[in-house]
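Hey, can you work out the whole structure from these sequences and the hints?
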Amino acid sequence: MTAVIQTRHLSKSYGRVQAVHQLNLEIKRGCITAFLGRNGAGKSTTIKMLLGMIAPSAGEGTVLGLSIRDAEANREMRRRVAYVAENKPLYGYMTVGQTIRFASSFYPDWCADRAKDLVNRYELPIDRRVRLLSKGMRTKLALLLAFSRRPDLLILDEPSEGLDPVGIEELLESLAGQAAEGTTVFFSSHQIAEVERIADYVCVLERGRLMVDASLDHLRESYRRIELVFPSAPLEHDFCISGVERIREHGCAVSIFASGNADAVVERARDLHATSIEIAPVGLREIFLETVREG
Amino acid sequence: MLWYKAWLETRTRFLTCLSFLVAILVFFVHHAESILPAKSNGYELMFYAHFYLAALWVLSVVLLGMGGLLRERATGVSSFTVALPVSRERLVTVRLSVGVLQAVALAIVPWIAILLVSSSNGRPFPISQACFYVLLLIGGGLVYFAVAIFVSSIVEGEYTAPAVAYGVLILVAIVCGSVSKLRTYLDLWRFITGDRYYNRTTHLLSGPFPWFGIACCGCIAAVLFLGSLRATGNQDF
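Heads up: the sequence lines are chains R and Z, in that order. Everything in the first sequence is counted per my numbering, starting at 99 for the first residue and increasing by one. Everything in the second sequence is counted per my numbering, starting at -18 for the first residue and increasing by one.
Everything hinted at is true.
One-sided and incomplete, this derived list gives chain Z residues near chain R with beta-carbon spacing under 8 angstroms:
no., residue
1, Met(-18)
2, Tyr(-15)
3, Lys(-14)
4, Leu(-11)
5, Glu(-10)
6, Gly57
7, Val58
8, Asp217
9, Phe218
If you're looking for bench data, these hints aren't it; they were derived computationally from the structure. We put the CB at the ideal spot given by N, CA and C, even for glycine.
In structure tokens:
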């Protein structure tokens, strides 16, 4: 599978603050990739660098094979990418209809029929000014502008923000539909449950650094929580094994969070005469929380 | 469609300024007629009308210069604009072009109103003189508009940019007015009001049309416009 987005040592700093640090990212074609991270982790900065809105401080990157540093290539790339920004910025002085007409004029892949369908499905008031729309309606309009096209790549920055549960359900269906049509989807989100439902790949960013970059299936298969009980408290270095990410001790009980190599941990526990060994699969929420706490 | 966006963005400001200018000047010309001596041809009235027009026009074009990507960044919508598949140069150029057209309309339409009112009051004014005034206002006044555009390209904030632009213009006017050498060559205010060319005997503008002065003002405006393009191209949104 070829990479639609590729970055190499991509960095952005604001004075002494390093917003993104040496990011090596590879987003595969035709997949849905979720971009997770806490507020201020550098997700939006990364997305804006990819779209040419922010100049990187260092490093290189390509989107659809076009350099993010070259202004002309960047413009061509934006023609093939649909982007929904965080906070869903739209012109308050335009009506819904004017906004749709305005956006449609820039993209050769605009589907007027699809836009019409979405206006009806989202129940958008065509003559109302955008500044008078509710947050949810504004989000729907921003999504309509992206979904009314057939882009090669769809980049969404917290797309479900402001949507009610029905809206979120429709959004997830639309994202899955876009991916089924061959569009690569790259989206940032704080909603782990949504990510678990639709993402193929997950990237976790923490303080500008990429902590996790793997398929969701791989994460589910390899991450484990191992609860151990010993007759007497073991030493922490007994579990310095590759794959062990975090160890918590409560007297004779030890809780291990491992990104792999669970069998080796269990074997070591047996060698140390563990009286109880419990292995449990780990959900994405826990993986995320452990990763960002560790970071 | 960028033209359409620029028009929608500025039309309220533009139409408000235009209505205000026309109303004030029509009121002034209509009512000032009554205080003129009977033998007067009313030409001095036109000089004062243009003086007030120039003052209001400068205030208006600075307001029209308000906007652009930095203002959009302050209001949170710049991400939508810069994500469009158009270059930043084009975004700035379209905004400039619409602004210049509006500035021209703000100079011409009030003068047409002045001529109509003046004619209907039985004191026709030579069209060539009106054109002289209008060209001075547009040619020289574009510098004021360019200053507003440049300031809005480097100063963020919805209302900070016009406030800074007014401050800069007042400062330049004070400096140019207080230094005699600068007053001779750089007093833009005397240039656009026609004061430099006003004959106090005939109450008409006299002398050849100052093409060189207009060209100099055009160059200054062009440099400021290029500066705006460059500043916008280098910013993060």
